[in-house]
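**Student:** From first to last, the protein sequence lines are chains A and B. Sequential numbering from 1 applies to the first sequence in UniProt numbering. Sequential numbering from 1 applies to the second sequence in UniProt numbering.
One or more of the hints may lead you astray.
Copies of the same chain look alike in the list, so a pair counts if it fits in one copy or across any two.
[As the list claims (entries may be wrong)] Straight-line C-alpha distance at most 30 Å; calculated DSS-like pairs for lysine-lysine:
#1 Lys65 with Lys82
#2 Lys207 with Lys82
#3 Lys65 with Lys78
#4 Lys82 with Lys45
#5 Lys45 with Lys65
#6 Lys78 with Lys45
Everything labelled a hint here was simulated from the structure, so no lab data went into it. Just so you know, these numbers come straight off a predicted model, no measurement behind them.
Number of protein chains: 2
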Amino acid sequence: MTGFVSFVSSGPGDPELLTLKAVDRLSTADAVLFDDLSSGPILAKAREGADMVGVGKRAGRASPKQDHVSRLLVDYAKSGAKVVRLKSGDSGLFGRLEEEIIACREAGIEYEIIPGVTSAMAAAAAAGIPLTRRLTARRVQFVTGHDVTGALPEDLNLAALADPTATTVIFMGKRTFAELARRLQGAGMSADTPALLAESVSTPEEKLVRGTLGAMEQLIAEEAADGPALILLGPLAEGR
Amino acid sequence: MTGFVSFVSSGPGDPELLTLKAVDRLSTADAVLFDDLSSGPILAKAREGADMVGVGKRAGRASPKQDHVSRLLVDYAKSGAKVVRLKSGDSGLFGRLEEEIIACREAGIEYEIIPGVTSAMAAAAAAGIPLTRRLTARRVQFVTGHDVTGALPEDLNLAALADPTATTVIFMGKRTFAELARRLQGAGMSADTPALLAESVSTPEEKLVRGTLGAMEQLIAEEAADGPALILLGPLAEGR
Numbered sequence: 001m002t003g004f005v006s007f008v009s010s011g012p013g014d015p016e017l018l019t020l021k022a023v024d025r026l027s028t029a030d031a032v033l034f035d036d037l038s039s040g041p042i043l044a045k046a047r048e049g050a051d052m053v054g055v056g057k058r059a060g061r062a063s064p065k066q067d068h069v070s071r072l073l074v075d076y077a078k079s080g081a082k083v084v085r086l087k088s089g090d091s092g093l094f095g096r097l098e099e100e101i102i103a104c105r106e107a108g109i110e111y112e113i114i115p116g117v118t119s120a121m122a123a124a125a126a127a128g129i130p131l132t133r134r135l136t137a138r139r140v141q142f143v144t145g146h147d148v149t150g151a152l153p154e155d156l157n158l159a160a161l162a163d164p165t166a167t168t169v170i171f172m173g174k175r176t177f178a179e180l181a182r183r184l185q186g187a188g189m190s191a192d193t194p195a196l197l198a199e200s201v202s203t204p205e206e207k208l209v210r211g212t213l214g215a216m217e218q219l220i221a222e223e224a225a226d227g228p229a230l231i232l233l234g235p236l237a238e239g240r
Numbered sequence: 001m002t003g004f005v006s007f008v009s010s011g012p013g014d015p016e017l018l019t020l021k022a023v024d025r026l027s028t029a030d031a032v033l034f035d036d037l038s039s040g041p042i043l044a045k046a047r048e049g050a051d052m053v054g055v056g057k058r059a060g061r062a063s064p065k066q067d068h069v070s071r072l073l074v075d076y077a078k079s080g081a082k083v084v085r086l087k088s089g090d091s092g093l094f095g096r097l098e099e100e101i102i103a104c105r106e107a108g109i110e111y112e113i114i115p116g117v118t119s120a121m122a123a124a125a126a127a128g129i130p131l132t133r134r135l136t137a138r139r140v141q142f143v144t145g146h147d148v149t150g151a152l153p154e155d156l157n158l159a160a161l162a163d164p165t166a167t168t169v170i171f172m173g174k175r176t177f178a179e180l181a182r183r184l185q186g187a188g189m190s191a192d193t194p195a196l197l198a199e200s201v202s203t204p205e206e207k208l209v210r211g212t213l214g215a216m217e218q219l220i221a222e223e224a225a226d227g228p229a230l231i232l233l234g235p236l237a238e239g240r
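Based on the sequences and whatever the hints tell you, model everything.
**Tutor:** The structure is reproduced here in C-alpha cells:
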C-alpha cells in the first residue's frame, strides 16, 4: 500500500497561524519532515508517536542535500505512511516545493498542497499596515535576496523592483541588502523610500525596525539578530 | 468601556483554511462585519448570538459605501463590542483595510490584524504548482485588474508585468483581461506565456482552466462562471 504526502504550509512561526487543515494533517501524520523554521511549538500539533524528521536548511549551515530530502519523502510514502512535509510560511514561495513534487510524481505518489500564511502577510499585519493601497500601491512583489550561490541574483528586473509605487518584499535578503540597495538607488529609487525590517515575525523574538532604503544597511548591522527576516520597501512600509 | 476590532483574514473560502487565531476571534466576537466572499460556511465559526452584519461589495452590484462600513465598525467598537471585521483572502491585499484602520485610529479604537491565506497561494496549491521557481521564476507579483472606476489601471508598470520570468497573479481581472493581454503583448510578452484561470478557489465551485496569454480572453468568455477569479501568468502556470 502506497502512502500519501501532504505538503503543509506552517505559516510564519506562531502555531495559532496554522490553518485548521494543517492541524488536521499534522494530527494524523505517521511521519513529519520539517524545516528548522517550522519547528518549535508547531511540532506539538503532530500526532504523538509520529516519526519527526528535521531536514532543515539554514543560511550558512550544513544541511541535508535536496535529493536526500526528496528521497526520504518518497521512501516514507512508499512504506505506506501518511507523510506531512512541513514547510515554513507558504510552501509555494521560495521553498523547494517543485523539486519535491517532481520526486513524488516520478515515484507515482499522490500528494496535496495545503496553502498557508506567508511571512510577508504576517509582517505587514504585525506592522499594522496593508500590502496594497487603493490608489497608489496597487502592485506588490516578492523577491528573494539570494540565488543558489548565496549571492544577490544577477538577473534582477530593476524596472520592476525600483518602482516607487509598488510594495516590495525581499525574502532572505539581509546579507545581500547593501548591494541590492545600491542597485535600486542606481536605478533611480529614492534613498528616502520607506523600509521595514521584519525579523522572526509572529514569534516571541519578533522584531520590527523602521527606516528608509538608504538607512537600512546600517539598521540591519546594528539591530538585526539572526532570525529569518524580510525587508519591505515602498510607501506602505512607513506605517503608523 | 471601548471595544476592540480584530481585522480577520478569512482565507479563500474553504473554512478549513481559516487559521486557529481567526477561529478563536470568530468564536468570541460580539459582532461580525463580513464581506460577501467571506460568508457561507465560514460564518458558522462565529459565536452563536453574535450580530452578523453583511457589508459586502461585489463587482457591478450596489453595496454599502466605505465610510458607512468604517462608521459601523467604529460604532460597534464604541459600544464596547469585540468586533471581527472579516475580510476574504488576506486582509492586507486589495481590500480596503487601510481606510478602516485609519477610521479606528481616529476614533481611538485599538485593533489587531490577523493575516490569512491569500487566494493566490490557494490557487497555486490547487493547481499543484509553486509560485516561485529556484532558478527561473524568482519574482512573484500581485496586481489588481481594475482601478477605482472599474477600468484597467492606466499606470501599469509594463516592464514589471511583461517580464516572462516572473509569476504574475491578477486579482479581479476577468473583465479587463482582454485589454491587459493586449498591452502585455504590446510590451513584448509572448502570446504563448502559460496562463491559468482560477475561479472560486478552495470552494465546491472551484474551477481551474489552463491556457496561454493569447488564448485566455476566449477561455474566460467560454468557461468562466461568476465567481471571484484570479489569473496567473508565467512559466509556472503551465503546471503538471
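**Student:** Does each hint hold? Answer for all of them.
**Tutor:** Consistency of the hints with the structure:
In this assembly of identical chains, the alpha carbons of lysine 65 and lysine 82 lie at most 30 Å apart only when taken from the same copy (23 Å versus 49 Å across copies). Taking the shortest Cα distances, lysine 207 and lysine 82 sit within 30 Å of each other only across copies (27 Å), while inside one copy they are farther apart (36 Å). Proximity of lysine 65 and lysine 78 under a CA criterion of 30 Å is satisfied intra-copy only: 20 Å inside one chain copy versus 56 Å between copies. For a Cα distance limit of 30 Å, the shortest separation of lysine 82 from lysine 45 qualifies both inside one copy, at 15 Å, and across copies, at 28 Å.
Taking the closest pair of Cα atoms, lysine 45 and lysine 65 come within 30 Å of each other only inside a single copy of the chain (27 Å); across copies the shortest separation is 42 Å, beyond that limit. Only within a single protomer do lysine 78 and lysine 45 lie at most 30 Å apart by alpha-carbon distance; the minimum there is 24 Å, versus 37 Å between protomers.
When the structure is compared with the earlier hints, no violation turns up for any of them.
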